[in-house]
Every structure is written in C-alpha cells, then in structure tokens.
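Asks: Since the structure of chain P is already known, use the hints to place chains Z, L and E on it.
There are 4 protein chains.
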Amino acid sequence: MEIGFLGLGIMGKAMSMNLIKKGFKVTVWNRTLSRCDELVEMGASVGETPAAVVKKCKITIAMVSDPAAALSVVFDKDGVLEEMSSGKGYVDMSTVDPETSSKISEAITSKGGSFVEAPVSGSKQPAEAAQLVILAAGDKALYEEAIPAFNAMGKKSFYLGPIGNGARMKLVVNMIMGSMMNAFSEGIVLADRSGLNPSDLLDVLDLGAIATPMFKGKGPNMIKSNFSPAFPLKHQQKDMRLALALGDENAVSMPIAAAANEAFKKARSMGLGDLDFSAVHEVVKQHKD
Amino acid sequence: MEIGFLGLGIMGKAMSMNLIKKGFKVTVWNRTLSRCDELVEMGASVGETPAAVVKKCKITIAMVSDPAAALSVVFDKDGVLEEMSSGKGYVDMSTVDPETSSKISEAITSKGGSFVEAPVSGSKQPAEAAQLVILAAGDKALYEEAIPAFNAMGKKSFYLGPIGNGARMKLVVNMIMGSMMNAFSEGIVLADRSGLNPSDLLDVLDLGAIATPMFKGKGPNMIKSNFSPAFPLKHQQKDMRLALALGDENAVSMPIAAAANEAFKKARSMGLGDLDFSAVHEVVKQHKD
Amino acid sequence: MEIGFLGLGIMGKAMSMNLIKKGFKVTVWNRTLSRCDELVEMGASVGETPAAVVKKCKITIAMVSDPAAALSVVFDKDGVLEEMSSGKGYVDMSTVDPETSSKISEAITSKGGSFVEAPVSGSKQPAEAAQLVILAAGDKALYEEAIPAFNAMGKKSFYLGPIGNGARMKLVVNMIMGSMMNAFSEGIVLADRSGLNPSDLLDVLDLGAIATPMFKGKGPNMIKSNFSPAFPLKHQQKDMRLALALGDENAVSMPIAAAANEAFKKARSMGLGDLDFSAVHEVVKQHKD
Amino acid sequence: MEIGFLGLGIMGKAMSMNLIKKGFKVTVWNRTLSRCDELVEMGASVGETPAAVVKKCKITIAMVSDPAAALSVVFDKDGVLEEMSSGKGYVDMSTVDPETSSKISEAITSKGGSFVEAPVSGSKQPAEAAQLVILAAGDKALYEEAIPAFNAMGKKSFYLGPIGNGARMKLVVNMIMGSMMNAFSEGIVLADRSGLNPSDLLDVLDLGAIATPMFKGKGPNMIKSNFSPAFPLKHQQKDMRLALALGDENAVSMPIAAAANEAFKKARSMGLGDLDFSAVHEVVKQHKD
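Chains as they are written, first to last, in our numbering: chain P, 1 to 289; chain Z, 1 to 289; chain L, 1 to 289; chain E, 1 to 289.
Just so you know, nobody snuck in bad clues.
Note: identical chains are not told apart, hence a pair may lie in one copy or across any two.
Calculated lysine to aspartate or glutamate pairs in the DMTMM-like style (CA-CA distance at most 25 Å, straight line): (1) Lys216 <-> Asp203; (2) Lys170 <-> Asp248; (3) Lys288 <-> Asp248; (4) Lys234 <-> Glu249; (5) Lys156 <-> Asp203; (6) Lys58 <-> Glu82; (7) Lys140 <-> Asp192; (8) Lys55 <-> Asp37; (9) Lys111 <-> Glu99; (10) Lys238 <-> Glu99; (11) Lys170 <-> Asp66; (12) Lys140 <-> Asp203; (13) Lys170 <-> Asp200; (14) Lys155 <-> Asp206; (15) Lys140 <-> Asp200; (16) Lys288 <-> Glu249; (17) Lys55 <-> Glu144; (18) Lys156 <-> Asp192; (19) Lys56 <-> Glu38; (20) Lys156 <-> Asp200; (21) Lys170 <-> Asp203; (22) Lys155 <-> Asp203; (23) Lys285 <-> Asp248; (24) Lys155 <-> Asp200; (25) Lys238 <-> Asp248.
Keep in mind that the hints were calculated from the coordinates and are not lab data.
Only chain P is shown next, with the shape it has when bound in the complex (with noise of 0.2 Å):
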C-alpha cells in the first residue's frame, strides 16, 4: 500500500521508518525537506507538499507537533485539503484538542475525504520500538483500512468511536495518571517522615499488586529530586484541568481529581510547571523544622 507520511519530528521519523521497514511504500513531506533524507536512503519518496502528498497516496498519516501546526498542513496553500477527494483518507495521528480535531474532520469530509484522529500512548522508545498504543477515532472504514500501518508503527490500536473519542481516552488516563503520581508522592513523604527508608518503600511496591512502571521509573529520581522534564508539570496539569472539565460536562464528581489538580497548581504556583510531573513532589514534601 502506498502510504503518505506528513511530518518527520523526533516522534514521525521513527514511526514512517517503521512503516518502511514493514514494506510499505511511503510518500514523506517535512516542513524542512532535508529532514527527508534518511527516509529516501531507506527508500521512501519525497512529496514536495502536503498536497503533492494527497495526490499521490490514498491514505496520508500526519505527526506533527502542535494544533497550529495540524491546522497548517491542512489548511494552508498547498496544504492537503487542496487534493483531498471522495476515496482518500486522512489520519491524524497528532496530540490535538477535540476542537481542532473537529475542524479538520469537517474538511476534510466536506471534501468526500475521510478521517480518523489517532493520537498515541507513548514517546521516542516505544515510537522507536514500534510498541506505540494508538487511540483511533473517527470513520469506520478508514480505520480498518489503516489497521496494517497501524500494526507496524504500534503493539495496539484501538477504535473508540466517534470524533473526540481519541482525545478523550488520553484525557482519563492522564487524569488517572496524575492523581496516581500525587498519592504515590504523598507515600513516599508519609513513609520518609515515619522513619521508613523511600527506597524499601519502592522496592515493597515494585513487588505487589499496585506496581506499576511508572512508580519504578519515575521512584528513584523522586527520591533524589531529580525532576528533568520527560512530561512537563504544566501539561499534566492542563490535562487535569481538561478532564475535571469534561466531567463537569457530564455531571461527574471527581474528588481525587481535583485535589490532585490543586496540588498541580500549588506546584505551578511555587515555579515549578517546567518540570517533569513528578515534581508536585515538592509540593508535598515541603516542610520547616
């Protein structure tokens, strides 16, 4: 299948060299086209513009950075709703929110064209790895056509409904996340200030029924404040904020939630946003003798 691949970022490069390495044929544009280089050593076409892409391949993936820049490569001048028609397909596989997910759906539907949303679970490793977990929503049949590529960039994806959906299903798992990450902060305080080692701690939690990865990984460097930024503080507390708004929507109550919120904004409030998530640490363990 002839596949076109729209943005080669940390994050897109890894995922059309996956592409390649499976046997598809793929078409890649990047803003800067000598980002494309590597791709045409392994054997991938240049398109000079998204729309050349568009117009080359019956289904283009995008992986860019930022909303503006999902927006941009659809709407601008030869951007690809200039050759999107009935028969092709779009899918965005960017970190957007629902708003701009919806603009672009309704575009590129107008055109005849089809749309899925599939923002990823995981980073440059599982990116890398092709061990992504991949949240699609959106048009049916373009999912299922899109399900082999899927396949060779990720170790699942998921069809969750319709547009918004994918959004959505990250918003809840971050929220769980950063909930998790105040009452683990809070255990490793709580047993550090009863005369407990944090260290013992982590090790008694790595072996039972609430281990999980992130308390190994994130554990140690917790322990010696080290918070250098892997998921900066300031968005996981955008994404509280969002899912706390989400169930205001829908009239649920999510008191863990928004403490954990509160406690992100104390950490904001005391200049930590940049930092890793990890760093409502602080927040916590502040104390006078």
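Replies: Same frame as chain P, but now just chains Z, L and E:
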C-alpha cells in the same frame, strides 16, 4: 533448623507447608489441634501448647488472625512467654497494630528473648506459592537468622528497622492503594459518561506506564459491579484513617489520601463496608438521570 | 438628572422605582412595553426603543436577565449603539460574564461613549429596599457621575477597577459562599449523627464568631429538607467552576473550593441542580442504615 | 444562692466577678490563693481547698486551664470528691475532652452528687462582658438549678443532653469555623492574584449574606500577615482532627473538613502551629513569581 509454627489458618497452613517442603523441621501448634493432622502427614511434629513449641524450638513463628489472638498465644497460660528465654527468638507474622506489637516485643525481650514483627503483603494465593512479601522489623540478628525461613515462605523479605516499622510500611502501601483505587474508579466513571467504553480504558491502561496488577484484576469486576470481598472496604478505610493519623503525628499533609478516605467513609455510610474496597466505585458512579 | 433605564423585570422595576422615589427623572424601556405602565404612573417617561432612551438621556442603565439579553439591547436594531456617542454613558448592571462585558465595553467606547459594568449583590428584597451592593468597574468618571443613582438603588457601591473586575468580585464572593455552604452542611450532618440536635447547632452558631445571615436564613430550611430555589445549585456550581478557572489562570491552588465544587457536581449528578444551592445538603447527609 | 468557684485564671476571674455583681454569694478558691484577693474585695469568701468550697456550697463551678487541672481539683487530696455528696452539684466549665468529662462525671455521681459539663464559646472579652455562650450537658436538674448563675456569666446557655455533648458541640462549631477560615483565605488570595483589592473583598463580604464577625475581625490582620494568636493553629487543627474522628465513628463523610484539615497540617509542617489559626493563609498564598 528446627522451627516452631503457631497458627494454622489459611495463611499459616500454607506457610508452614512451604517450610516443610524446603526442608525445615517444623513443630506446629493450633488452637484446634486437629488442624495439625495434614501437617503431620507431611512430616511435622506437634506441640501441645505454644509454650511446648517454644521450649523445643530456637525460633518460633506465629501467624494468627488478629491482635487479640496474637496477645493470647503469648500471654495466656501455657503461652509463649512461659518458655521464652535468652537465646530464643519469636517472629510474629500476624497483622497487628503497632501497640500490640510493642507489647509483645517488651514481654519477649524482658524474658531475654529476641523479637521480630514480620507482617506480610499478599494473601492466600501468594502464601501457597511462597510469593509473600515480608515486612520485618525489630531484632536484626534474629531477622538474619530467620532469612532462610522467610525465603521458604516468600519471594522477598525486608528489614525495616525498629519495631513498628513493619506495620507502618503496610499502612503506607495500603494508603497509596486506596487513593489509586479512587483515582481508577473516577477514571472508569468519567470514561463511561463521556461516551467511551470502560473496557477499552482497561485495555489502554494495561498497555501503558500505569499498568498495575490491581487495575487488571479489579477493573473487569468493577465494571460488572462485582464487589465480592478480597479486602473489605471497612478495613481499607481503617488503614486510610491510621495512615492519616500517622501523617498527623508527623505533620505530613496528604490531601489525596484525605479525599480518598472521605470517599471510603461515604461508601461505609451507604452500607458498603463489608464489600471489597473497590466498592467505593458505587459511590463514584452514583447518578440519577 | 435624566436617567434611562432598560429592563423592568423583578430587579429592574424595583431599582427604577427607587430612582424615581429619590427624585430622578427616569425614562424607561422594556421589551414588553406594558410593563412600563406602573412606572409611568409614578412619573416615568417611556422610550420606544433602547436607542430612543439613549438619545434622550445622558446616562442609561440596563438591568436585563442574561448575557444574551444584555447583548441584544446594545447590538440589535434600535439598540443602544445606534445613539451612543461621546458624552453619553452606559451602565450595565446585569450579571454577565467578563467576555460579554468586554464586548459591550468595546462597542460603547468605539462610539465615543463611556461604559461601566455594575453587577449587584442582593436579590428582590434588597432591590426593593434600596439595599443592593453594587460592584462597579470600568470608566471611573462615569462611575462617579452615577454615584447618586447608585445611592438611590443600593446601600453601597464599590469601584473595582478595569472592566471585568465587577464580575470577578462576584465570583470570589460566590466561591467563598459555596465552600461555606458545604462546611455548614457537614456540620449539621455531623451534629445530627453524633446525637446533637441540629437546631441547637444553629442557635449556637448564631451567637458566635461565625454567625452569618446565610446560616440563619438557610439553616432551618435545610434541616427540614426544604430547598426551594433562591439561588439554583447549578448556577452556584457554575460560579465555583468559573472561580476555579480564574484560579487556574492565576496559578492559585484552592483545595477547599475544589472539594466544594465536586460536592456540587455530585448534587447535580443526583438531579438536584434546579433546587437551591443548599440542596448539596442532600448529598452530604446521604446515608443508609 | 451560695456558689463555689474553683479557678481564677483570666476566664474564671471574669466569670466569678460577674456572679458577685449579679448578687450571688461566692466562695472562691485558686491554686495560688493570692489571686483571690481582688474577689474578696468585691465581697467573695475564700475556701482553703476545693474540698472546703464544696463542703460550704450547694453548687460548685470549676473553670481551670486544661484536662489535667480539671482532674486534679477533683481527685487530688483535699479535692472536690472528698466532700461531694448527695444534694450537691458540680459544674465543670473548663474545656476538656469527653473522656476526662466522663471520668469526672462517674466519680461525682458515685458519691451521690450531680454533674454538668458546661464548656463555653467565647474568650476573655465575652467573659468580662457576661456574653459567653454556655454548652451544657449532663444532669438536667442541676442544669436548671444553675441557670441563674449561667445567666450571670453568659448571654445564653444550652442544655445539650448526655455528658459529652457539650464537648461534641464545640468540635462541630470549630470544624465549621476551620473550613470557613480556609475558604475565606482562598477567596482573599484569589481576589489578590486576579487584580482585585483584598480590602474591597472584605468590605463587600461585610455587606452581604455571608458577613460574619470572624471575617470582619480576622480579615484585615490576614491581609497584613498579622497572625498573633487568639486561637492557636495547632489547637484548631487538633479540633479538626477530633471532629473528623467523630465523623469516622459515625460514618459521616466530610470532604471539606478533610481538605481544610490537610491545609492546617501543611501549615503545621511549615512551622506555623503556634500562630493564630488564620495563619493557614500563609500556606494558601505561598507563591513564587
């Protein structure tokens, strides 16, 4: 090594069997002596009383049901104390509060004996599979002497410092667990009311950074409103309360644990105290259309 | 001074009557013109349209039901804008969100007019008794010019700075009020379940440092589960949400308000949104013996 | 009527003076007897010991500093118990915990005497002005007999039922107060960071439905970061904890009180426990630009 073993309930029976299987000579006692038969068939000796067991063995382990039973085997007529003396060790693996543990510790050491508290993380199945996690505290030399026995019963043992630290570690772990359960429940409800399939959420969680045995084990039952008790909600709430009290003593502010505790209290007030602690889900999802 | 007055609902009628009683010459307009009759009997003139009122009066006050109506009287055909010009002032006393207020402000000032937003604290009874508290913001000179009119309608007016600050002050006050209502409800339930008489609690509160008109006014009805709406719960919850959003913007962590907001959301999910905001009491006291 | 009065601290002195002023014959005792002089000048008699006072008087009132002192005047040599007998009444107006109160109650009644606990709401100034609020519980007949004395010392007395209910009522009131203080502090900080003048907020609050003496009294000092202790934060937090424990006993979920308690604990962890309980404001406003 000759090991005494007091208490052959579900846990104690499995644990003493593992000792025999790994080659220890074991002398058992149980309040209802007939429960010793199965062990005798495997090669155990029987002691008529706790005192008789202690008299015969250098190290005696107890695994009884609650603090009252833990005190009784030590202090009653024909109890552990009567034969405790210098050179002998007593290891209480029952789950008891710190005061009970201190009381036993003082009595044992006043007789010249040495004492270790060693509550376990894990229930019936891990006990049978010798996969318990052992949270030991107290006399360091006795702990080291008991390591081969611990290794026969569990996958890992920890030495956590002075008496009381075993119980404290359990509280910290259970506190994190209780907060996580609430966060998980909020996520399931938010997913459901936002038009997502809660089963998809479970699948997505299980593939990511916050995958945990608890979510995998409890999630499907929670979605089906199946709350048959593994760990009763009222006990979970009691542990939250005790963990918060420990935090109060040490001036540790724990807003997430506090919010989770209030949710468990609401569940108790709704009559759900005897169900599994995951039944807090009933409170979170309560809704009238 | 000649004052225009747009909107003769419950509030507007009472307020314009007070202006007349205090000697102002008032020209009134209402969408349903027949509601002007009572005012005419007291000496008011009638304007056929908002534009006609503005043409005639140096200062025009509006008191309409919601943001849509507030926009409509300004922007529709025959609206305020058509006759707005340099030297004229427009005072909107309706309760609207900051964006609506900004939109009106920009339109008025682009025509050369001056604008004050002036939402009020207080409902029907204080409006009739000229006991409103007026939260004004915007053009300082117009505010000062309008003071005699404010004094005729309220017991106190505040000038709070730039446009938006009137609405913000209302949010802060309502946020404190919502948290207090929850604290009060928790106290009533705790008293009741601990064997105290909730009526005694009300009496004790009323004699002490935290006596407040709200406890005195709402308490007896709450005990009788009488929640006929003075300020609907769904509006209170909306104000909590907006206050929390204001806090989010400014990195202010507000755990009490967040917990109160979740309780109000629970009340909404239980179908209590149209009752008085004191109906959160139903959630707090929910209990199964 | 002849009234005995034990304890002439700040509160006791003011209260016994009010009894004398209203025409009661009063016999006083104080650990440091010289503190009796001023009362003697006003017409009081002096008892050499608590026992001597009880021997002479039908009703004896105690107002001492803490539970230890309350137990001491009753149980020590020459204490109240030695002369307690049928027909005599003992009224303890000190602030003590329910267990202390029960212990005293049992001792008094075992001697045939009758007992009322009657902690007060109000401090020095209301004591001097005979404006205390008296929260009485225990023997109903003795309560009624003591009403004229209560009326001489306070503006209002309540009979709240069985022993313990006086202390419980104080806890409920202080719990509401602690939550309100947090809500108030959040409001001040939100106002300040949103560009409003916190003093304007105080003025607006004071004119509306949630005006309360506490906001009026504490607000200006909070804005100036003046937290000289009227009611120390660590005592407020202790009362929150006890109120939450009372709620736990009775399965009452109180998320607002729990969140407020955690904020007070954070304040304690920051070293603010000896300041006024309004010093929780320091935690709420903590911020780094």
